[in-house]
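Residue numbers (my numbering), protein chains in the order written: chain A, 1 to 428; chain B, 1 to 249; chain C, 1 to 285.
Accuracy of the hints is not assured; some may be wrong.
Reference excerpt, derived from the structure (chain B facing chain C, CB under 10 Å, subset only) [to be verified]:
1) 28
2) 87
3) 116
Just so you know, the hints here were simulated from the structure itself, not pulled from any lab data.
Cβ coordinates follow ideal geometry from the N, Cα and C atoms, glycine included.
Okay, here's what each chain looks like letter by letter:
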Amino acid sequence: MKKRTQLIIAVAIIAIIVVSAAAYYYTTLPPTRTIKIGLVASLTGSAADVGTDMERAAMMAVEEINEAGGVYVKEYNSKLKIELIVGDDKTNPQEGVAIVTKLITEDNVDVLVGGFSSAVTLASQVPAIEHNVPFVITGASSSSVTRRTDKDTSYMFHYCTITDDYSETIVRFLNHTVKPIVAPNRNLSLALLYQNTAYGQGCYQSTVYFINTLGLNITIVAAETFNMGDTDFHTQLLKIKNAKPDAVYHAGFTRDTADAIKQGIADVGLNTLYIAVECCEEPQFYEFLGSFGDRQILESKFGPQAESYSEAVDDYKAKYIERWGVIPGMMGADTYDAIYLIAKAIENAGTLDKAKIRDAIENIEMPQMLIMMKDGIIRFDENHEIDPLCFIEQMIWDGTTLKPYIVYPDELKQRDFELPPGYVPGGP
Amino acid sequence: MTKSPLLELEKVTKSFGGLIAVRNIDFQIDRNEIVGLVGPNGAGKSTLLKIINRFYKQDSGSIRFEGEDISRLNPHEVCKMGISGTTQIAQAFPDMTAIENVAIGVLFGKLGRTSVNEAKKKAAEVLRFVEFSENKMETLVKNLNIAELRRVQLAKALATNPKLLLLDEVTTGLGHIEGEKAIELIRKIRKSGITILMVEHIMKIIMGICDRVIVLNHGEKIAEGTPEEVVNNEAVIRSYLGESSDCLK
Amino acid sequence: MLLAISPPILIQIIVWGLIVGCIYVLLASGLNLIFGVMKVVNFAHGEFMILGGYISYSLSIFVGLNPYLSIFVSMIVVGVLGVIIERVCFHQILGTSKLNELILSLGLIYVLQNTMSILWTDYPVLINSPFESRVLDWVIIIGITMLIMTGFYILIRRTKIGRAMRATSQNRVAAMLMGINVEHINMLSFGLGTALAATAGTLLAIITSITPYSGEIPALKAFTIIILGGLGSPLGAVIGGLGYGLIESVAVTVLGGTWRDAVGFIILILVLIIRPMGLFGEKEI
Numbered sequence: 001m002k003k004r005t006q007l008i009i010a011v012a013i014i015a016i017i018v019v020s021a022a023a024y025y026y027t028t029l030p031p032t033r034t035i036k037i038g039l040v041a042s043l044t045g046s047a048a049d050v051g052t053d054m055e056r057a058a059m060m061a062v063e064e065i066n067e068a069g070g071v072y073v074k075e076y077n078s079k080l081k082i083e084l085i086v087g088d089d090k091t092n093p094q095e096g097v098a099i100v101t102k103l104i105t106e107d108n109v110d111v112l113v114g115g116f117s118s119a120v121t122l123a124s125q126v127p128a129i130e131h132n133v134p135f136v137i138t139g140a141s142s143s144s145v146t147r148r149t150d151k152d153t154s155y156m157f158h159y160c161t162i163t164d165d166y167s168e169t170i171v172r173f174l175n176h177t178v179k180p181i182v183a184p185n186r187n188l189s190l191a192l193l194y195q196n197t198a199y200g201q202g203c204y205q206s207t208v209y210f211i212n213t214l215g216l217n218i219t220i221v222a223a224e225t226f227n228m229g230d231t232d233f234h235t236q237l238l239k240i241k242n243a244k245p246d247a248v249y250h251a252g253f254t255r256d257t258a259d260a261i262k263q264g265i266a267d268v269g270l271n272t273l274y275i276a277v278e279c280c281e282e283p284q285f286y287e288f289l290g291s292f293g294d295r296q297i298l299e300s301k302f303g304p305q306a307e308s309y310s311e312a313v314d315d316y317k318a319k320y321i322e323r324w325g326v327i328p329g330m331m332g333a334d335t336y337d338a339i340y341l342i343a344k345a346i347e348n349a350g351t352l353d354k355a356k357i358r359d360a361i362e363n364i365e366m367p368q369m370l371i372m373m374k375d376g377i378i379r380f381d382e383n384h385e386i387d388p389l390c391f392i393e394q395m396i397w398d399g400t401t402l403k404p405y406i407v408y409p410d411e412l413k414q415r416d417f418e419l420p421p422g423y424v425p426g427g428p
Numbered sequence: 001m002t003k004s005p006l007l008e009l010e011k012v013t014k015s016f017g018g019l020i021a022v023r024n025i026d027f028q029i030d031r032n033e034i035v036g037l038v039g040p041n042g043a044g045k046s047t048l049l050k051i052i053n054r055f056y057k058q059d060s061g062s063i064r065f066e067g068e069d070i071s072r073l074n075p076h077e078v079c080k081m082g083i084s085g086t087t088q089i090a091q092a093f094p095d096m097t098a099i100e101n102v103a104i105g106v107l108f109g110k111l112g113r114t115s116v117n118e119a120k121k122k123a124a125e126v127l128r129f130v131e132f133s134e135n136k137m138e139t140l141v142k143n144l145n146i147a148e149l150r151r152v153q154l155a156k157a158l159a160t161n162p163k164l165l166l167l168d169e170v171t172t173g174l175g176h177i178e179g180e181k182a183i184e185l186i187r188k189i190r191k192s193g194i195t196i197l198m199v200e201h202i203m204k205i206i207m208g209i210c211d212r213v214i215v216l217n218h219g220e221k222i223a224e225g226t227p228e229e230v231v232n233n234e235a236v237i238r239s240y241l242g243e244s245s246d247c248l249k
Numbered sequence: 001m002l003l004a005i006s007p008p009i010l011i012q013i014i015v016w017g018l019i020v021g022c023i024y025v026l027l028a029s030g031l032n033l034i035f036g037v038m039k040v041v042n043f044a045h046g047e048f049m050i051l052g053g054y055i056s057y058s059l060s061i062f063v064g065l066n067p068y069l070s071i072f073v074s075m076i077v078v079g080v081l082g083v084i085i086e087r088v089c090f091h092q093i094l095g096t097s098k099l100n101e102l103i104l105s106l107g108l109i110y111v112l113q114n115t116m117s118i119l120w121t122d123y124p125v126l127i128n129s130p131f132e133s134r135v136l137d138w139v140i141i142i143g144i145t146m147l148i149m150t151g152f153y154i155l156i157r158r159t160k161i162g163r164a165m166r167a168t169s170q171n172r173v174a175a176m177l178m179g180i181n182v183e184h185i186n187m188l189s190f191g192l193g194t195a196l197a198a199t200a201g202t203l204l205a206i207i208t209s210i211t212p213y214s215g216e217i218p219a220l221k222a223f224t225i226i227i228l229g230g231l232g233s234p235l236g237a238v239i240g241g242l243g244y245g246l247i248e249s250v251a252v253t254v255l256g257g258t259w260r261d262a263v264g265f266i267i268l269i270l271v272l273i274i275r276p277m278g279l280f281g282e283k284e285i
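Extracted from the complex, chain A is given alone in its bound form (with noise of 0.2 Å):
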């Protein structure tokens, strides 16, 4: 009996020796760390298409900083690497909210990046906002994310084109190059088919926005609407057949697009010119929709399936090909890009103190990558937004594939515009 007691004695005062000594020898010890960047994205659901291609270029950029050494942080006197952490927001605004105060309260990431869908977005930032946490937001497209009055968006920022920047550029374009051809003694009549989400609603507004400030005649003949997730667009295709519109502006993502375009020219046989937005700039949306592509058109700002336009784009394709076995996608270059503006920043701001990792976001300047701006700056204006340049593309089927070409806007043009094979011209 009195030697267990002696045993336990002896047990437990080496253990409160080797306790006290490892924690004496971490705590004086400098502190080495990475940096967290959370990335948000829809792994699974109706954008997981999307959101696997913004994990891959995140997981590109991040590989290609550490290889490199890592961001050299002033307060650490050291460069640190970067870890990555991703969530899925599963394309659901609750999903979001659960993973991003995930990623902030049990792995305490440093920065958020990411958000697809500005349904999703609008309620996954809300715990970023209150928790402080700087977010450049990649995905969602409509303006609201920075530009909240209910709440703070002082840590939030856009590294994304917006509706606003899509539909400008698609007016602009109908304008000047559809309309003297098909329309040239009236106004070109539009029709609008449009998710009925923030984002959809972002393009639709935003197209009766621009059509009257910049004073174009454009008429709007129709504007239906469908749900995230609906896979039949017939009825509201054959009410806007009976609208007897020149273009169909579809507003929506990668699937309900194709399958709009496919049942618009197949089963209602509505013949007209389709406009889709750039978050349909996707291997897989060329391969869906395969000859009914032919001469229809996209609006964009990164076009890895066109000619070469951008070294820097060039570059990253063969990069995205060689590590993943595929074409890169739309929202993975905002992403890519916003991972080398983050690191930037934090060197920037020498600290991982979030304020003033937000500050250095705020004030960055650094040369274009792959999303081009106006004048081949990234910087932040007072919405916290870009100035991206965004271009029209216009999809050739050879026979094998479909390609796009850009047609618009005259400084990056590669092809001249044509009108769709079978294309019915509508009325006033």
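On the provided structure of chain A, position chains B and C as indicated by the hints.
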């Protein structure tokens, strides 16, 4: 060749959630008998019938039908072997006609193949046998009255071509005249060569037609014998005290 | 609003409503059969439908089978899977508690969705019709639905097994007393119900695209249809399905696409207030 009895129960026990419904029941039924199963309410009569047609699985004990152990079989299997019956609450297919109801029994109640047309023909015969009115054969069962429903139920049981027919209070809910007719019918069924085990709480009916009576009380068999023997049995009289004395006379 | 639309387009809108209605008819009939016989609410019915669509898709891509013929292969595969799932899952818990059945069928949704996601990825797929003319497709879709529903009707009404299914659904105890092996009938009904869902899924993948998650809303609509049509009423499922497709099409035309999914449920609530047993249902017996 010694013929085994038609039905043999040996030490059959069944409880529901700790409450014993029947305990250690032994009895035999020979071919072409009418055996009555009597006892006060809650004595375990219906439970015993349901164990025989396999709706309930007994906790212990064995049941043999024509010498074959049926203790582990399912209702549809013993039905095909020749055990069929009616239940206290008339069970039928409400959205089928009377003839369709009975035809189901012809189609599924016994071994071998039968075409739907043959089944309907046979069903009509059975319905006539139980004196079901000819002009209601195509009526949906949900539109029949209780006496008609009882006949359909009997016809359904007979349609399966049973050797042993288990009847659970077939006269319940019937008026005096209809009750008399039902008793006539039971005699007629026995005449056709079918053995009958019937639960009945009206002693007069039992006395009138049964060859033998088994008395249950609190889940146990307390007496067995001819109707005369049973009504003079002291244990039986004691168990029925408090019940209306009509029951005995 | 409808008057502002030119007649030929109005006809197309109605035809389209009927085509979508065909899919609802097939889906709701299978659901109704399973509910009728087993009294089980199979929430995973939509996933069986989508699985049928994917099997037909794979057959048309890898074997080159005409998608309209692959329907029949897909029916068999999904039907057999349905039988296995009934045996392995539902059979074990049937009659224990409604909550168990509910959780099991809800759980099955995710098991099936994730399995399909692994096998076919989350990218939407579409079965390409072998025909140039879409009008021909529509005629075939309506024709196939009529063919399968006629076969289903004959099976239920005229055959021995159909009688056993009807008997079991009307009175399970009586069916057992009459020598019907009700467990066997459960299994067959579940298999047949899921096979009908597989047909709906193939047709759906021909007219729109599908992902592993496309089954959820159609399944909810099928529930609405069988409640509208009266639980257990086969004719109710047919009329309810076609009617639902039409109403949906008209609602999208008049009220806009946002109302597509909501309108059916609004009608359901109204009908239940006025006629709790559904339009064609009888009072509970």
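Right, here's what the structure says about each hint:
no.	hint	in the structure
1	28	violated, 24 Å
2	87	holds, 7 Å
3	116	holds, 7 Å
Taken one by one, the earlier hints fail for this structure only at number 1.
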